[in-house]
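Enquirer: Same order as they appear, the protein sequences are chains S and X.
Just so you know, my numbering puts 310 at position 298 of the first sequence, and the rest follows in order with no gaps.
Just so you know, my numbering puts 71 at position 59 of the second sequence, and the rest follows in order with no gaps.
It should be emphasised that the hints constitute simulated quantities derived from the structure, not laboratory data.
Accuracy of the hints is not assured; some may be wrong.
Said to hold, decoys possible - According to the in silico footprint, chain S covers these stretches of chain X (three or more CB under 8 Å from chain S): (1) 33 to 41; (2) 310 to 319.
To be verified - From the structure, some residues in chain X lie toward chain S, with a derived Cβ separation under 10 Å: (3) Glu128; (4) Arg304; (5) Lys353.
Claimed, not checked - With beta-carbon atoms standing in for the labels, derived distance ranges: (6) X:Asp332 x S:Asp376: 50 to 56 Å; (7) X:Arg224 x S:Pro236: 44 to 50 Å; (8) X:Ala248 x S:Ala396: 33 to 39 Å; (9) S:Glu334 x X:Thr317: 49 to 55 Å; (10) S:Gly273 x X:Thr379: 45 to 51 Å.
C-beta atoms are modelled at their ideal positions from N, C-alpha and C, and glycine is treated no differently.
Protein chains: 2
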Amino acid sequence: MDGRTGLPVVGMVGAGQLARMTHQAAIPLGQSLRLLAEHADDGAALVAPDVVVGDYRSLADLRAFAVGCDAVTFDHEHVPNEHIAALEADGVNVHPSAAAAIHAQDKSVMRRRLTESGVPCPRWTTVGDAADLDTFAAEVGWPVVLKAARGGYDGKGVWVVGSAAEAAPVLASGTPLIVEEKVAIRRELAAVVARSAFGQGAAWPVVETVQRDGICVEVLAPAPALDPETAEQAQALALRVAADLGVTGVLAVELFETDAGLVVNELAMRPHNSAHWTIEGARTSQFEQHLRAVLDYPLGSTAPTAPVTVMVNLLGGPDDVEPKSIDERVHHCFAHWPDVKLHLYGKQFRPGRKVGHVTALGDDLETVRARARAAADYLMNGGAL
Amino acid sequence: MDGRTGLPVVGMVGAGQLARMTHQAAIPLGQSLRLLAEHADDGAALVAPDVVVGDYRSLADLRAFAVGCDAVTFDHEHVPNEHIAALEADGVNVHPSAAAAIHAQDKSVMRRRLTESGVPCPRWTTVGDAADLDTFAAEVGWPVVLKAARGGYDGKGVWVVGSAAEAAPVLASGTPLIVEEKVAIRRELAAVVARSAFGQGAAWPVVETVQRDGICVEVLAPAPALDPETAEQAQALALRVAADLGVTGVLAVELFETDAGLVVNELAMRPHNSAHWTIEGARTSQFEQHLRAVLDYPLGSTAPTAPVTVMVNLLGGPDDVEPKSIDERVHHCFAHWPDVKLHLYGKQFRPGRKVGHVTALGDDLETVRARARAAADYLMNGGAL
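Model the full assembly from the supplied sequences, consistent with the hints where possible.
Expert: Listed below in structure tokens is the structure:
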């Protein structure tokens, strides 16, 4: 507890955009997020006063950071699971727990657990060599999807391969791998929920996520033309997974919609790109909800604030963008789209890097989507207006 | 400009709740508010990293603070006007300017200017002694309202007096005073607008403000049952005052609704309590808009996000409140009112002190108002639920 305010102190390991937006959500709760940053100029470290620079792979750094925190949580999956467990053993109030977090850190553990629980997944297996791959592909057909069991994100650590020969360099790398059937996808959805330590769950409307080169570029909330039964099924599935795995905080369940129904693609146990739209589009944002959940506060209303919300990621454009100044592009963006909400993460712009997002809200999907896309495109790529 | 992000740096003199909420609004714009705080534990200083502790009455402190700021603005009216002018003479980009700010600092200057411009005001005059008061009261009738020309807020510096004798202690104090007729008020309204340096104006819906002991306790947005013509007249009046006085940033025009129409009560040139509802209730909050205006960005949409928004201030309750822990009261508040949004300012609780506010939104005024009031009452006064 903060002795002055009588309110709790949450520590977040990692100081990227998720921590930045969580700090923003902490302010109205009377709090100030404590950060373990890799670098003093990480996006969240630029806007919050209580920053420790340290190494999330160092148990000593994590232990020192946790002192005085009422709860410790994470803005990424890369803290070694054994360190999370060690903090718990120390008596630190960590969310999610090591036992839950492992399912967002290791795809092999995640697939095994979900399959055992009867949660629909693509057919999959662990794979050691080319023979394993051939055996699996004989059953499900080529191409198949190879995935690094640990450490992948934004399309990194995923390879679609048409033969064992094509997979040879990945197999030779020694990275622990799983292989999955290549599911015939209609589209991708995400069911994002939060679960408190007490066990209360709350689900936001199910969204459609649009990927390009494995990176989420756009989120449509709610998922257009999703039948209510499937939407409810997706929410129920995410709430069940959260409860089964003992997740505390936000859980994002990335889903494939297929002709045969929904299958789970990935899990993330932290605020997630697929729910950035909730800042303006839901009564309670995922960032506020994550704080409530890890502090074991009752959860907030997830009701939408508008019929349609569209979020478009800002991915760094070319270096020779005109006008060159981001400040000048922000000026023109505000003039042309006074209703579009901007979120910049304090990052250096690099081609393809997630440096922010924009959100638009309204009644008509195509209008809202067109405005959000045009604003995002102009901010990153400039050009004539 | 911040060399790393390419985005502007705004400095705010004062680090109370207005600065705290402005920092919150700066984060998504890719910025971090720079603060000149009186104390290191001021509400905004607890949540922002770029804090200078100094004296807003010291020109040297103000000058040192302004170095590197793309714009300097204020969370209160107490910076000496001559210091604002001196900063301008230095070439600092100050908003509002000294010439505009004086109208929010000196009621005599404000009344003279508005009266000259034909803006409806209560009848008024400056007053030096009991004879002045008797002359004025002979014209408008007792009681009259004495006001300190400078430095009043939240009902302080205002005295309703029924005779010159009753006014004697105030008259004897030497404080420069004005006197106004006591207007027969139907209710109080506020028209809040923003104006950019370029001259763009934007108005939020006109609201009703409810006062208790001179302190705003509740804001209803939009003002219930206000005829559209009067609402438009109030917005036009506020935009005209902003343009006439050259205001940059947010301007709040406090109004009395009377049988004879609207009259202006007070002006404030900064984010204002009567527009805290815009954080959730409007597409662009007053805090974001203030930043846009002082940076001469185009202004954001002021469209409401719900038919009805009600804001209720949290005024510190008695010391023996039960449950004693504010954290415990927040728990119960969240459980009972999952849709009500909480804003705590990081202040020590003292009876009657503004320590936060809550906001509720919806379709039906009475339902929304009841929920916001009940949540605020419980947070401050505790009791059974």
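Enquirer: Looking back at the numbered hints, which does the structure fail to meet, lowest number first?
Expert: Failing hints, ascending: 3, 9, 10.
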